[in-house]
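Enquirer: Build the full structure now, drawing on both the sequences and the hints.
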Amino acid sequence: MPAPLRLSRRDARRLAVRAQLLSEPRPAGIVETVYALTAVTVDPTAAIMPSADHILYSRLGWPYQPPDLRQAVEVDRDLFEWDTAYRVMSDLPLYRATMARRPEYARTRDWFEANDGFRRDVLDRLRAEGPLHAAEIPDSAQVSWKSTGWTHSRNTTQMLEILLARGDVAVWGRDTKGRLFDVAERVYPEDLAHVAEPDAARELAERRLAAQGIARAKGTTGEVGIAAVVEDTEGLWRVDAEMLAESAVFAGRTVLVSPLDALVADRARLQALFGYEYLLEMYKPASARRWGYFALPILHGDRFVGKLDARADRRAGVLQVNAVHEDDGFDDDARAAVAVEVEALAAWLGLELRGWE
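Using this note's numbering, you'd call the opening residue of the sequence shown number 1 and step up by one each time.
Hints listed in this document are in silico derivations from the structure and should not be mistaken for laboratory results. Incorrect hints may have been included.
Stated by the list, open to error - Derived DEER-like restraints, expressed as beta-carbon distance ranges: (1) Ser147 x Arg101: 18 to 26 Å; (2) Ala265 x Asp110: 31 to 39 Å; (3) Asp124 x Glu197: 25 to 33 Å; (4) Asp328 x Thr108: 44 to 52 Å; (5) Glu24 x Asp110: 26 to 34 Å; (6) Arg10 x Glu326: 17 to 25 Å; (7) Asp328 x Glu24: 21 to 29 Å; (8) Glu185 x Pro2: 42 to 50 Å; (9) Gly317 x Ala193: 47 to 55 Å; (10) Trp356 x Glu223: 44 to 52 Å.
All values reported here derive from a predicted model rather than from experimental measurement. Glycine included, every Cβ here is placed at the ideal spot set by N, Cα and C.
Expert: Below, the structure written as structure tokens:
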């Protein structure tokens with residue numbers, strides 16, 4: 001068994017940044033970007049903009065516009081929304097085995113089976129009238145859903161979530177009221193090739209590692225890639241071989257990263273490779289926040305250098321900058337580059353920039 005590859009933290013960071021398409025050159029388009037990332041988080045929180053728009057804008061820059069995403073999802077059907085993320089439609093066969101196992105938990109499965117008549121009512125209504133919002137579908141549940149949380153007695157929403165997870169229902173698209181649901185056969189193409197479950201699992205592991213560049217040996221990547229150790233970190237990592245082969249050239253960018261971006265999602269990895277402390281503080285009381293309600297991590301080259309506390313007030317037509325938190329102080333290059341990005345973000349949003357000097 002060959003000895004693990006040895007990497008500096010700098011080289012490991014650069015692998016991670018390049019894999020996430022946050023260096024130069026930028027990707028060419030939406031579908032290429034989503035394919036490379038495997039999934040783009042869908043979250044409607046819009047302190048700046050919805051997460052999918054932010055993630056795509058940070059990769060594609062000015063050419064990206066939100067209507068382009070709607071076109072790709074609702075018209076071209078190049079993308080589909082499933083499990084809180086946009087994915088490329090050609091990847092649908094890779095998730096079929098996972099869909100077939102849903103619902104996974106016994107309590108949810110028992111409720112689903114006890115409401116077979118309700119299930120059929122929901123599918124019949126969608127076939128007859130879809131696409132529909134959850135609120136437009138009558139609740140005919142035989143057994144009400146019990147929960148201590150917000151889902152208590154929200155039977156139609158619960159049934160739709162299960163049917164969506166199973167691939168029986170699909171998200172047709174979104175409007176100002178939220179998701180529109182339809183039967184899957186009117187959204188998902190019928191001519192996609194079947195992929196055997198072991199092959200699908202292997203391909204997903206390879207794609208996820210390629211999207212991360214470098215990841216812990218334990219976890220979703222399995223044993224794909226090349227074993228590695230990274231200086232000043234403990235344990236083994238796995239590195240994507242193709243990304244490693246292209247690692248000689250690194251052209252960094254300065255990026256105002258979404259708090260829901262995959263590059264910052266794994267806080268332990270973020271600390272180990274980048275030495276960067278970050279926490280999304282929107283659920284904290286205002287008095288307990290260090291960086292702000294929805295502070296954006298600031299990536300400069302292969303380092304995270306601070307956080308931008310800003311909010312988009314669309315009624316007032318303003319991008320309000322409340323604070324710029326410099327982790328170790330910006331040098332002149334970082335300060336100038338961050339200024340350019342903040343001004344570009346305000347212009348792209350069509351908002352007046354305030355609070356920035």
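Enquirer: Given a hint of 18 to 26 Å, does the C-beta separation of Ser147 and Arg101 actually sit inside it?
Expert: The hinted range 18 to 26 Å holds for Ser147 and Arg101, with Cβ atoms some 22 Å apart.
Enquirer: Taking the CB of Asp328 and the CB of Glu24, does the distance hold inside 21 to 29 Å?
Expert: holds (24 Å)
Enquirer: Tell me if the beta carbons of Arg10 and Glu326 are separated by a distance inside 17 to 25 Å.
Expert: holds (21 Å)
Enquirer: How does the Cβ-Cβ distance of Asp124 and Glu197 compare with 25 to 33 Å: does it lie in that range?
Expert: holds (31 Å)
Enquirer: Check the following: the C-beta atoms of Ala265 and Asp110 are separated by a distance inside 31 to 39 Å.
Expert: holds (32 Å)
Enquirer: In this structure, is the beta-carbon distance linking Gly317 and Ala193 contained in 47 to 55 Å?
Expert: Between Gly317 and Ala193, where Cβ atoms are some 49 Å apart, the hint holds.
Enquirer: For the pair Asp328 and Thr108, does the Cβ-Cβ distance stay inside 44 to 52 Å?
Expert: At roughly 47 Å between Cβ atoms, Thr108 and Asp328 fall inside 44 to 52 Å, so the hint holds.
Enquirer: Note whether the CB distance of Glu185 and Pro2 lies within 42 to 50 Å or breaks it.
Expert: Given range 42 to 50 Å: holds, Cβ gap about 48 Å.
Enquirer: May I ask you to test the hint 26 to 34 Å on the CB atoms belonging to Glu24 and Asp110?
Expert: violated (52 Å)
Enquirer: Is 44 to 52 Å a correct range for the gap between the Cβ atoms of Trp356 and Glu223?
Expert: holds (47 Å)
Hint compliance for this structure: hint 5 is the single one not met.
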